[in-house]
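Chemist: Chains as they are written, first to last, in this note's numbering: chain A, 16 to 426; chain B, 63 to 182; chain C, 5 to 475.
Honestly, the hints are just simulated from the structure, not real lab data. Note that the coordinates shown come from a computational prediction; the quantities given were computed from them, not determined experimentally. Idealized CB from N, CA, C, for every residue including glycine. Fair warning: there could be bad hints in the mix.
Here are the simulated lysine-lysine pairs, DSS-like style, with alpha carbons at most 25 Å apart [to be verified]:
#, chain 1, residue 1, chain 2, residue 2
1, A, K115, B, K179
2, C, K252, C, K73
3, A, K249, C, K292
4, A, K38, A, K119
Computed Cβ-Cβ distance ranges for the label pairs, DEER-style [as the list claims (entries may be wrong)]:
#, chain 1, residue 1, chain 2, residue 2, range
5, A, K362, C, D387, 54 to 60 Å
6, A, D89, B, K122, 19 to 25 Å
7, B, K136, A, T254, 30 to 36 Å
8, A, I251, C, D290, 17 to 23 Å
Computed far set for chain A versus chain B, every beta-carbon distance over 12 Å [to be verified]:
#, residue
9, G54
10, T68
11, V84
12, E123
13, G137
14, P142
15, L210
16, D216
17, S238
18, P285
19, L403
20, Q417
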Amino acid sequence: MRHVKCVVIGGGSAGLAAAIQLKKYNIDCLLLEKEDVLGGILNQCIHNGFGLTRFKEELTGPSYAERLVSEFHDLGIEFELDSTVIKLNSDKSIEYINPKGVHKIQAESIVLALGARERTRGNIMIPGDRSVGVWTAGSAQKYLNIDGYCVGKRVFILGSGDIGLIMARRMTIAKAKVVGVAEIMPYSNGLTRNLVQCLYDYDIPLYLSTTITRINGNGRVQSIELSRVDENLKPISGTEFNIEVDTVLLSVGLIPDNIITENAGIEMDPRTKGPKINQYYETSIPGIFACGNGLHIHDVVDFVSEEGDMVAKSVERYLNQLGKSDLSIPVNSDSNFIYVLPQTIDKSQAVKLKFRVKRPLKNVKLVIRTKDEIIMTLPKTQLLPAELEMITLPLPLIDKIQDEVRLEIIA
Amino acid sequence: MKHELTCIVCPRGCLIQLVKDEEHYICTGNQCKRGEVYAIQEVTEPRRMFTTTVQIVGSKLSRCPVVSSSAIRKEDIFKIRDILDGLVIHAPIQVNDIIVENILGTGIHIIASRSIKKDA
Amino acid sequence: MYDIIIIGSGIIGSMLAYDLSRFNVSVCVLEKNVEIMNEVSSSNSGLVHAGYDPEDGTLKAQLNLIGAKRYPQIAKDLNVDYKQVGSLLVSNSMDEHEALLKYAQRATQRKIDVKYIQQDEIRRMEPNISDSVLEALFFPTTAIITPWQMGFACMNYAVLNGVKLFRQTKVIGIDKNENYTVHTTQGVFESKCVINCTGLNGVDVAKYQDPNSEHQLEFRKGEYQVSDIRDESYLNHVIYPMPSKLGKGVLALKTIEGNLMFGPTSYVIDNRYDFSTTVNGLNEVDSKISQIIKPLAKNRMIRQFAGVRPGSITKDFIIENKDGFINVIGIDSPGLASAPGISEYVIESFLKKDFELESKMNLVDFKWKKHLSSNERNELIKDDSRYGRIVCVCETISEKEIMNAIHLPVGARSIKGVKRITRPGSGRCQGGFCESEVVRILARELNVDMKDIPYDNDVFLTPLGGHDETR
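So that you can see chain A by itself, here it is in the shape it has in the complex:
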């Protein structure tokens, strides 16, 4: 069996960055990509706004990908396309299929850069007819931007996440009529700038606290029934109204895509839907690391790539056995948070905590405490679920940590 120092699974914005950084540490790696090109989902995200942090300029998705891909090729890193990993084993052997055969290789370390999949109609159980014309926003994006087919004429979008907003504008430019966007929450889940330039610019109405309660149409979608929802997000009877559309796009959330991770028996976090990690992005199996949207959902691609960079550093540390402390301090949070990453830390170095809050919060204090002692207090004018927040805990503060780190929000 072939033996590889490090296998990177996934050639998108996380995996490419990890592989590039690994090469800079002089670590030989093999990158496996399931598609026939590198770059991942960025290739279909033709809008611009990527790269401000990493490349200090605004790029489109494909051009951001191309920057990474050319650096990757310049470094002569080994990769295989059309290669689908079917099995990840806890002994760090990997089985994958490509047009040359079914292969099994042994890795010394593994970087999971698996990306995300979209929630579907079945996941959120929208009742109604078995209509054709219901797609996830990303599928419609692929049909339009890669294949050149606009799948709808009169389109309604459920979910105001960024992909939904971007597709509202994109479908409009492709001559479809986007008749509205509904969001079950009382606020939008997308970045404000996307609300402005994707909806307001084109007078596309946004229905807040509203959801689709029925899809109608034998054959093609003919109409949808929308309902207002109460504070528990349950549809309010009597508030139903119908809109005629031929297409429904769903932008109702991304889920880290972790079939092989789960099957390998790696511990998962039900909140992120990704694997649990320590501060080195290492999963419950030592030597297997995770980053990018396969770990947790990001809203800015630059930070996806940054996670790739950081994972590479951890791989280097792991392969060179640079002192790993056995300390495992849990990172917890109060009910204001959807999640905090990493799930555990040790006290060897500064830690970047990443978190998302459950609902928009204004003028609050973010408190980081250990046992009874508050070690950090940060005033926050605004915290939004749509925005991944990051704070670094520097070493002097790390020293104060006892057997727990806890994030809390106080008024």
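Since chain A is already given, all that's left is putting chains B and C on it; use the hints.
Modeler: Relative to chain A, chains B and C alone:
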């Protein structure tokens, strides 16, 4: 005149207040200089970056993503869309190749945002 | 001119085509949809029931037993999946004790293997059984199949062996002179005998032959939920609640592919083409299933669907021969389980009297291509690298397997057809990643534009289907 607007320059989305007293604009709420530039532009002549795809032949890919070299006037969006709709380009294409020069006489180019190889 | 025209290619039509293709008669099958196995036969539990449930003296009782007996051999001959997983008929209250004993007795009379089991053994067999389950009957012979795989395999065999299949051919009228003249949207077909196995439209087609036909159908909708869980140990058997007058009840099973499936509900509906899911129906599935097994995390659900069952108001199958026009009507549950029995019954009771059926020589074998193991795939890649280009990651399906589905004797013509034959789009992402690639392969193999590839009858990628001039 007083304007309230959300900055779209970066993902932060600052809420900007822009007040004009005769000649000068006073801009508050922005966390960087680019916010002020954006806000003044937005109330005088709003502009947007424009992206779409154009048909490409000679490659296994059928669409080439393109982007405006800088922000175009909002009112030109659909005109530019219509020009690009009828266009067919030929592989190979390098990223940043000019696809349409000086579109609508604006001085702005439409450029490729992906390199596309020629396939047999 | 054919000897026999079969109208409808659900499981009954497909099974008849399969059986008849081995005799020296000329047979054609008329199907109104773009794909076969498209309506009643595609949306059900996929079960070969053991046969204890139908009332004594009914065709259902008789033919379910024959069907259950025939399936293992058919599955072996066609290489389709057939798994005798066994079932538990569970009771949640002592009130149901009498009924349980009645089913045990009936099973014994019908020579169906049955074993009465108590709490400890139930829990050993099914760790996730609901705490409220008190006692159960174990039927080891209950089996699961994938309905459309069975139907597609039967029809492919039939077509390879001389049966003619006409799709998108809807019957609009029938005349009888010396022979039957069947008028369709694609022209006129003639035969000595017609078999009406048109599921939802059974009575309407029967009336083409006999306007005074008094048969009546009642349409029942059943809603289901499907999970993506692949935990082999979550459920081992089919779990039935105690039947009621509404039917077998909301049951739990693990499909051949390993998904958990819960359902169906049972409601009479007016519109026979109402395949919609409803809030009430899905909630009912939830609450009823929780009485028999421990609940599964909500976020494991990947799909909901509804099936419609055309039942006769007589509560039994109607199988009759009226002057060479054979009606097979009211085939609701256990229709799938009974299909081989129904086909045999039609042939033995009617066709053998009207035709001198002789077995054909030189039959061509047809073997269904099952999901590939890694070793099998590795071997195949040596000859064709496209077996190694995975299109559907969730279900591990390659470009070549999709091409094979299109190029079968009865090949897929739609996205739905590809999905039924090889499963891309059936997994976690529900086609989110692979659908456009499936469309691209269909378009290339059938030499049409992507926008003209149907999802289903007359429903295409873009709203205007083949007539959309803008890209």
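Chemist: Give a verdict on every hint.
Modeler: Results for each hint:
no.	hint	result
1	A:K115 / B:K179	23 Å, holds
2	C:K252 / C:K73	21 Å, holds
3	A:K249 / C:K292	22 Å, holds
4	A:K38 / A:K119	23 Å, holds
5	A:K362 / C:D387: 54 to 60 Å	57 Å, holds
6	A:D89 / B:K122: 19 to 25 Å	24 Å, holds
7	B:K136 / A:T254: 30 to 36 Å	35 Å, holds
8	A:I251 / C:D290: 17 to 23 Å	21 Å, holds
9	G54	9 Å, violated
10	T68	9 Å, violated
11	V84	9 Å, violated
12	E123	34 Å, holds
13	G137	29 Å, holds
14	P142	35 Å, holds
15	L210	7 Å, violated
16	D216	7 Å, violated
17	S238	27 Å, holds
18	P285	27 Å, holds
19	L403	10 Å, violated
20	Q417	35 Å, holds
In the structure shown, a violation is registered for the earlier hints numbered 9, 10, 11, 15, 16, 19, in ascending order.
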